[in-house]
Amino acid sequence: MRSTIIEATEPVASDIDDRVGSTLTLVAPVGLGLFPLGIGFGVLVVHAGLPWWWATVSTGLIYAGSLEFLLIPMALTGTPLLAVAATALVVNGRHVFYALSFPLQQVRSPLARTYATFGLTDEAYAMTAGPQAQTWTTKRILVLQLLLQSFWVAGATVGALVGTRLPLDRLQGLDFALTALFVVLAIEALRATRDLRTAGLATLCAVAAQAVFPELMLLAALSVFAGLLVARSALASRKPADA
Amino acid sequence: MPDPGYLLGLVLVSAAITWALRAVPFALLAPMRRSPLIGRVSAQLPLGVMLILALSTVRDVAFHDTDRAMGFVLAVAVTIALQLWRRSSALSIVAGTATYVLISTALASP
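Chains A and B supply the protein sequences, listed in that same order. Just so we're aligned, residue 1 is where the first sequence starts under the working numbering, counting upward by one. Just so we're aligned, residue 244 is where the second sequence starts under the working numbering, counting upward by one.
Hints listed in this document are in silico derivations from the structure and should not be mistaken for laboratory results. C-beta: ideal position from N, C-alpha, C; glycine also. Just to be clear, a hint being listed does not mean it is correct.
Here are a few chain A residues that face chain B, going by a calculated C-beta distance under 7 Å [unchecked claim]:
| hint | residue |
| --- | --- |
| 1 | P80 |
| 2 | L81 |
| 3 | A85 |
| 4 | Q134 |
| 5 | A177 |
| 6 | T179 |
| 7 | A180 |
| 8 | L190 |
| 9 | L196 |
| 10 | G200 |
| 11 | A221 |
| 12 | L222 |
| 13 | S223 |
| 14 | F225 |
| 15 | L228 |
| 16 | L229 |
Some, not all, of what chain B presents toward chain A, calculated at C-beta under 7 Å [stated by the list, open to error]:
| hint | residue |
| --- | --- |
| 17 | S257 |
| 18 | W262 |
| 19 | M275 |
| 20 | R283 |
| 21 | L296 |
| 22 | S335 |
| 23 | A351 |
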């Protein structure tokens with residue numbers, strides 16, 4: 001799928017290495033965090049009293065980490081679906097901002113676009129938001145997303161089937177891989193933009209949201225941050241009769 | 244075990260809303276893509292989103308446990324230092340995680 005030459009606006013080499021092996025190298029360190037997190041989820045599913053396959057179905061079809069953890073007690077107590085819908089809206093509301101930077105224009109077929117949007121998790125966004133990803137091929141983006149989900153589904157299934165029999169509590173803290181991923185990508189974004197003011201603004205939003213809405217920290221922080229960016233940008237370019 | 248029909252409804256509702264939240268904004272934003280304002284904002288967004296996501300994971304650290312919290316701080320420092328020095332994301336993530344796992348596991352052992 002490399003017949004089209006994309007006019008890149010970024011000074012990035014146009015020859016994208018979209019072999020599966022190369023994408024796996026990119027995803028593996030993040031998978032290192034997602035797999036054990038999935039095991040933790042699978043163990044929790046079975047411990048709570050849900051059937052083992054719920055771990056596979058949930059990670060395969062819903063595929064939204066924090067919501068899936070919240071759904072376990074809701075499923076057990078038979079929470080009305082309207083309340084489930086409200087929870088899904090609030091917990092995953094932050095994803096609406098990801099459309100601004102995710103390179104969906106690089107994904108060519110309707111089916112591929114359906115999966116690319118379905119699999120637009122925090123991790124998938126994090127790994128595709130940089131300028132280098134704006135010239136990636138359909139194959140590289142989809143393989144990256146499929147691999148990310150595979151680590152999550154496989155971890156959850158393993159956890160639900162055998163997790164209770166493994167000495168998993170011996171090795172603690174593997175989920176730090178996700179913290180490290182976001183730290184690394186923040187450094188790279190800062191290196192690319194040198195935009196310390198935006199970094200400071202985001203930090204303030206995170207700290208304030210944690211203080212005021214601890215339960216809704218991500219949604220609150222991202223909404224306020226995105227709102228402030230729009231306002232700042234609008235003020236900076238205030239021209240008469242500019243809609 | 245809850246009724247399978249109810250579980251199916253739960254999956255459908257959750258999946259539909261999650262997917263809609265991820266997909267619909269692309270359709271809404273498509274006409275705005277050429278706007279310079281949206282262009283600027285979408286260039287500034289990733290840095291802030293990464294910082295906010297990174298900071299959101301700090302909440303899960305048990306700060307009443309000073310030993311573990313210091314382990315977390317040290318692991319973040321290792322991650323940042325390696326990324327600034329070698330600029331290899333895989334190396335920084337693996338080394339930072341290994342640092343945190345070693346410290347947490349050592350602290351958890353009796």
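Structure-based check of all given hints:
{"no.": "1", "hint": "P80", "verdict": "violated (10 Å)"}
{"no.": "2", "hint": "L81", "verdict": "holds (5 Å)"}
{"no.": "3", "hint": "A85", "verdict": "holds (5 Å)"}
{"no.": "4", "hint": "Q134", "verdict": "violated (10 Å)"}
{"no.": "5", "hint": "A177", "verdict": "holds (5 Å)"}
{"no.": "6", "hint": "T179", "verdict": "holds (4 Å)"}
{"no.": "7", "hint": "A180", "verdict": "holds (4 Å)"}
{"no.": "8", "hint": "L190", "verdict": "holds (6 Å)"}
{"no.": "9", "hint": "L196", "verdict": "violated (10 Å)"}
{"no.": "10", "hint": "G200", "verdict": "violated (9 Å)"}
{"no.": "11", "hint": "A221", "verdict": "holds (5 Å)"}
{"no.": "12", "hint": "L222", "verdict": "holds (6 Å)"}
{"no.": "13", "hint": "S223", "verdict": "violated (11 Å)"}
{"no.": "14", "hint": "F225", "verdict": "holds (5 Å)"}
{"no.": "15", "hint": "L228", "verdict": "violated (9 Å)"}
{"no.": "16", "hint": "L229", "verdict": "holds (5 Å)"}
{"no.": "17", "hint": "S257", "verdict": "holds (5 Å)"}
{"no.": "18", "hint": "W262", "verdict": "holds (5 Å)"}
{"no.": "19", "hint": "M275", "verdict": "violated (9 Å)"}
{"no.": "20", "hint": "R283", "verdict": "holds (5 Å)"}
{"no.": "21", "hint": "L296", "verdict": "holds (4 Å)"}
{"no.": "22", "hint": "S335", "verdict": "holds (5 Å)"}
{"no.": "23", "hint": "A351", "verdict": "holds (5 Å)"}
Of the numbered hints given earlier, the model fails hints 1, 4, 9, 10, 13, 15, 19; all others are met.
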